[in-house]
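Undergrad: This is what each chain is made of:
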Amino acid sequence: MRSFRLLILVIIGLGLLLIAGCSRYHTSGPTQIIYWTGWSGHELEIQRKLVDRFNATHKDIHVKLLSVFGSYQKVTIAFAGGDTPDVLSAVWADQLAGYAMRDALTPLDQYLKASNRTSSEWAPGVWQMFQYKGHTYALAATTNTSFIAYNKDIFREAGIKSLPRNIAELDEAAAKCTMYDSNGRFIRYGFRPSDLVTWAYVFGGRWYDPSTGKITANDPHNVEALRWMASYSKKYDIRRMQGFESTFGSDQSVSGPFFVGKKAMWQTGEWVDQYVKRYAEHLNWGYFPLPYPPGGRPNAMSLGGSVFVIPAACKHKKEAWEFLNWICGPEAVADFCEGIGNVPPLRAVAESPRFIKKPLFAFAGNLISSKNAFGAPQMPIWPTYKQEIARAEDFAVYGGQDPKKLLDAIQKKMEMELADAMEGRK
Amino acid sequence: MIGGKSSVQRRQAILTHLALGLLSVVCLLPFYWLVATSLKADMQVHAMPPVWVPHPVVWANYPKALVYIPFLHYMKNTLFICLMTVFGTLLSCSLVAYSFSKIKWPGRDALFVLVLSTLMLPGQVTMIPIFAVFRWLGWIGSYKPLIVPSFFGSAFFIFLLRQFFMTIPQELSDAARVDGAGELSIYRMVILPLAKPALITVGLFTFIGAWNDFLGPLLYLNDDSKYTLSLGLQQYVSQHGQEWQLLMAAATVMVVPIIIIFLLAQRTFVKGIALTGLKG
Amino acid sequence: MKLADPQSDRPRMSRSAKRDLRNGLLFASPWIIGFSVFTAYAIAASLYYSFCRYDILTPPHWIGLKNYSRLIVDDEVFRRSLWNTLYMVIFGLPIGLVASLALSLLLNAKVKGIAIYRTIFYIPSLVPAVAVATLWMWLLNTDIGLVNVILSKIGIMGPGWLTDPKWAKPALILMGLWGVGGSSIIYLAGLQGIPEHLYEAAELDGAGPMQKLRHVTLPMLSPVIFFNLIMGLIGSFQYFTQIYIMTNGGLQDSTLFYALNLFNRAFVDLRMGYASAMAWILFAITLLCTLLVFKTSAKWVYYEGGASK
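Residue numbers (numbering that gives the first Met the number 0), protein chains in the order written: chain A, 0 to 425; chain B, 0 to 279; chain C, 0 to 308.
If you are wondering where the hints come from, they were derived from the structure by calculation, not from laboratory data.
From a predicted model like this one, the values you see are computed outputs, not experimental measurements.
C-beta: ideal position from N, C-alpha, C; glycine also.
Possibly wrong hints are sitting among the right ones.
Restraint ranges, calculated between C-beta atoms of paired labels, are given here [as the list claims (entries may be wrong)]:
| id | chain 1 | residue 1 | chain 2 | residue 2 | range |
| --- | --- | --- | --- | --- | --- |
| 1 | C | Pro93 | A | Pro209 | 48 to 58 angstroms |
| 2 | A | Arg239 | C | His60 | 51 to 61 angstroms |
| 3 | B | His72 | C | Leu290 | 39 to 49 angstroms |
Derived pair list, reagent style SDA-like, types lysine to any residue, alpha-carbon separation capped at 25 angstroms [to be verified]:
| id | chain 1 | residue 1 | chain 2 | residue 2 |
| --- | --- | --- | --- | --- |
| 4 | A | Lys385 | C | Ile115 |
| 5 | B | Lys195 | C | Ile115 |
| 6 | C | Lys211 | B | Val7 |
Can you build the whole structure from these sequences, using the hints too?
TA: In C-alpha cells:
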C-alpha cells in the first residue's frame with residue numbers, strides 16, 4: 000500500500016538523520032585556544048574584554064571564550080569524555096586536589112620556570128592553594144579575605160571605645176550593640192558568627208594535617224569554635240534571631256541589614272566596598288581583622304575562589320600556558336580585581352599604588368599575606384568535607400546539637416571517604 | 000440545553016467567576032512581581048518591605064536588558080530548536096502511541112512498561128553515557144542532540160497520547176478497517192483529527208519545554224553564537240552586582256511570546272471539541 | 000502465507016495477527032530505534048557504574064555490591080533524603096492531584112473569558128524558576144510575608160515556613176500547588192473529549208451536578224487521571240529544581256531530597272558509582288509503585304475505546 004511505503008520512507012529518513020555527522024571545519028592560522036570560564040554577568044564581561052585584549056596583542060594565538068555558568072556537570076562530563084578546553088577557570092580551589100590526584104590536570108612547574116614566575120610573587124596562602132603533592136597545578140586571578148565590618152556610629156552609641164581584638168571583647172561588643180524593643184524583639188543585634196571552616200582556623204584548629212595526611216575534624220580547637228558559634232544561638236535565642244533575620248533585605252540593596260543598622264557588625268570581605276558605595280554612601284563604617292581567642296591565630300582566614308587550570312588532555316599546552324600566564328599576570332589581574340572589587344592575589348599588584356591608595360585594599364592586601372591565611376587543604380575530598388562541615392554548623396547552630404558529637408561523626412565519615420578516595424592511588 | 004440562561008445557571012456563572020477570580024489573583028502574584036520588578040529602579044528592587052508599585056517606572060530597563068545579550072539572535076536559535084522539536088515529537092510520539100493503543104500485538108504491554116521505565120531513572124546518572132553516544136556520533140557542538148532524539152519519541156508524550164487515543168472508540172477504527180483502510184490511513188484520517196486537543200497539548204508542552212530548557216543546550220553547545228534564551232538569561236546573574244531588574248525584564252520578554260502562543264492555541268482547543276461518540 | 004503449518008496440529012499466528020504484529024512494531028519503531036541507539040547503552044552503563052567506583056575523571060573499576068551495602072546499611076543521609084522524598088510523594092502528590100483536577104473542572108466552565116483564566120493559571124509554569132524562588136521566599140517570610148500577614152488577620156500565627164525545619168516541606172508543597180495549572184491543562188484536554196450526549200443522557204435520568212461528576216466526568220477522565228497519577232509519582236520521586244535554588248538541602252536536612260543528594264554525590268563528591276546505585280534503588284522503588292498502580296488500574300480506569308488494558 001502507498002501509506003505503507005510512506006512509513007518505510009519515514010523510517011529510512013530517521014535512519015539517515017542518525018548517520019548524518021557534524022561537519023568538521025579546520026582553521027589555519029593562529030592556534031585556537033578554547034577557554035571555559037564559570038563566571039557570568041559582570042565578571043564574564045570583564046573576562047571578555049581581557050580575552051579580546053590578549054587576542055589583539057598575541058597574533059599567533061586566538062582564545063575563544065565560553066561561559067559554562069558554573070555548571071559542575073558540563074565540566075566533569077568534559078573531563079570524562081576527554082573534551083576538555085585548553086584553559087579552564089570553572090574549577091574551585093576546593094576541587095583542585097581532587098582533580099590533580101586523578102591526573103586530570105597538567106602540572107605547571109616547568110612552564111612557571113620557563114616563564115620566570117616564582118612562588119614569591121603570590122601571597123603564601125594563595126600559593127599553597129595551587130599545590131598538590133609538591134607540584135603546582137593552578138594559578139588564580141582573584142582571591143578574597145574575610146574580616147569584620149562594623150558600624151562606627153553604633154559603636155560610639157554603645158560606648159565601645161576600642162576595636163575587639165579577642166573573642167571575649169567581641170562577645171562584649173556584640174552584647175553592647177544589641178537592642179530590643181518593648182516586646183523583647185530585636186531592633187538590632189551586634190553580631191552572629193558564621194562559617195565554621197574559618198573560625199576553626201581562628202581558634203587554632205585545622206581540618207587536615209598535611210604532614211600526617213590525616214583528617215582532623217574533631218580537633219579540640221574546632222570543637223571549641225563550633226561551641227562558641229552555638230553559644231550565640233543560646234544567648235540570643237536562635238528562633239528570635241531567625242525571625243529577625245527574615246526581615247533583612249538583600250545585602251546587595253539599600254535595605255541590607257548592615258546598611259540600615261540592623262546589624263552592628265558583619266563578617267564579610269573586601270568586595271563589600273562596592274555595595275557600600277552603591278547602596279549606603281553615607282554609612283560610617285570601619286573594619287578590623289577577625290578577633291581570636293588565647294591560643295588562637297591572629298589574622299586568620301580561609302582563602303578560596305576559582306582557579307585557572309590546564310587540563311591534562313590539552314593539545315596545545317604551550318599556547319594554553321601563554322594565555323594562562325597572561326591572564327594570571329600583573330596586568331590582567333589588576334584590571335580584573337579592580338573591576339570586581341577583589342583583592343589581587345599577586346603581591347606586587349596588591350601593593351601597587353592603584354590598590355594601596357584605597358585603605359580597605361591596603362588592609363585586605365596585608366591580610367592575605369598573613370601566615371594564617373589558609374587555602375583549601377590539599378586533599379581530594381575537600382568539597383564533600385566542606386559540605387559536611389556546613390551541615391554540622393547547621394545542626395549545632397539551629398538544631399542545638401552537641402558540637403563534639405557532630406564533629407566526631409564527621410571525623411569518622413571523612414576518614415572513611417578519604418580512605419575510599421585514596422584506594423589504590425599514591 | 001433547554002432555553003436560555005436560567006437563574007440557576009447565572010448563579011453558577013457568578014460563583015465560578017468568583018472562585019476563578021480569587022484564585023487568579025493568587026496565581027498572578029508572582030508574575031506581577033516579575034513584571035513589576037522589571038520596571039523598578041535599582042534602589043527599589045530588593046527594598047524591604049517590598050515595593051509593590053515601582054515609582055518611578057523605569058521603562059528603560061527593557062531596551063537595556065535586550066542589548067545586554069544578543070537577545071534576538073538567541074531567540075532565533077531558540078525558535079529553531081523549539082519548532083523542530085515540536086515537529087519531531089508530534090510525529091514520532093503519535094505514531095508510537097498509536098501502536099500502543101490501537102493495534103493489538105504480543106509484547107506490546109511489556110514494551111510499554113519499558114517505555115515508562117525509562118522515565119524512572121534519574122537523568123544525572125545517564126548524562127555521561129548519553130553524552131558519550133552523542134560524541135561518538137560527532138554531534139557535540141551542534142543542535143542535533145537537542146533535536147534529533149525528539150524524532151524518536153519521548154516516553155512522557157507517548158504515554159499521554161496513548162491514554163488519549165484509548166478514549167477514542169474502537170468502533171471507529173474498525174469501521175474504517177472494514178472499508179479497506181490500512182493502519183496508516185486510520186491513523187491519519189480517524190485518530191489524529193479526533194485527538195486534536197491532546198496533540199495541541201503535546202505541541203504546547205514540547206514547545207515550552209524546549210524554550211525553557213537550560214541543561215540540554217548548556218551541555219551540548221560549545222559556541223555561544225548557538226546559545227539559547229535560557230542560557231542567555233543566566234548571563235544576567237552575576238556573583239557581584241546583580242542587576243535583578245534587567246534579569247526580570249529579560250525573563251518577561253521570554254515569557255510573553257509563550258503566553259501569546261498559549262492564548263492562540265486555546266482557541267483551537269475550544270474549536271476542536273471532539274464530537275466523539277456514535278452520533279449519526 | 001499459510002494459515003497453519005501442515006506439519007503440525009497447532010495453528011500458527013493468524014494472518015491478521017501477523018499483520019498486527021508487523022504494524023505494531025512498525026509504528027513503534029521510532030521509539031525502538033531511538034531507544035537502541037541513545038538510551039539502552041546509557042541505562043546499561045549506569046547499571047554497570049552502580050557496581051563500580053567511578054569518579055568520572057578516571058575510568059570506572061568494579062567493586063561489586065559495596066555501593067549498595069554502604070547505602071542501605073551505613074548512609075544516614077541517604078535514608079533521610081529518601082524519607083524527605085517519600086514525604087512529598089505521600090502528602091504532596093495527592094494534594095496536587097486533587098487540586099489540579101478541581102481547577103480543571105472550574106476551568107471547563109462555559110463562562111465568558113474562560114480562555115483568559117486558563118492562560119492565567121498556566122502562567123506560573125512559564126515563569127523562570129529564579130523569579131519564582133525569589134517571590135515565594137518573600138511570600139513565605141515569617142514576619143512580613145503575605146501568607147503570614149493574611150493568616151494573622153484571621154487570628155492564626157503563621158509558622159516559620161522556610162526557616163523552620165518542621166514547616167519547610169509543607170511550604171514546598173504549598174509552592175507546588177501554585178504550579179498545578181500545568182496538569183490542569185492536560186485534564187482540560189481530556190474534558191474536551193467527553194461527549195456531550197453522555198451528560199444529556201445523565202440529565203434525562205435526573206442526575207444532579209455531583210452525580211454527573213461521579214458517573215460521567217470522572218470515569219471518562221480516568222485515563223487522564225491515570226496518566227497524571229503515574230507522572231506525578233515519577234516526578235515526585237525526582238523532585239529537584241526548586242530546592243536546588245531555594246534551600247540547597249538545608250534547614251538541618253529537612254529539605255535534602257533524594258535527587259539533590261544524588262546530584263551532590265555524583266558531581267560534587269565525584270562519586271558517580273555511588274550515585275548510580277542510588278539511582279537504581281530509586282528506579283526500583285518507582286517501578287514498584289508504578290506497577291502497583293497499573294495493577295489496580297483495571298478496576299478504576301475506563302477506556303471508552305475498548306482496547307485492552
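Undergrad: Please go over all the hints and tell whether each is borne out by the structure.
TA: Checked hints:
1. Here the CB-CB span from proline 93 of chain C to proline 209 of chain A is close to 53 angstroms, well matched to the stated 48 to 58 angstroms.
2. Separation of arginine 239 of chain A from histidine 60 of chain C is about 52 angstroms and conforms to the stated range, judged on CB atoms against 51 to 61 angstroms.
3. Distance hint for histidine 72 of chain B and leucine 290 of chain C: a CB-CB separation of about 47 angstroms, consistent with the stated range 39 to 49 angstroms.
4. Taken as a hint, the lysine 385 of chain A and isoleucine 115 of chain C pair is broken in the structure, with Cα atoms around 49 angstroms apart against an allowance of 25 angstroms.
5. Under the criterion of a C-alpha separation no larger than 25 angstroms, the hint pairing lysine 195 of chain B with isoleucine 115 of chain C is consistent with the structure, at around 20 angstroms.
6. Note on lysine 211 of chain C and valine 7 of chain B: the hinted pairing holds, with a Cα-Cα distance of about 16 angstroms set against a maximum of 25 angstroms.
Checked against the numbered hints above, the structure violates only hint 4.
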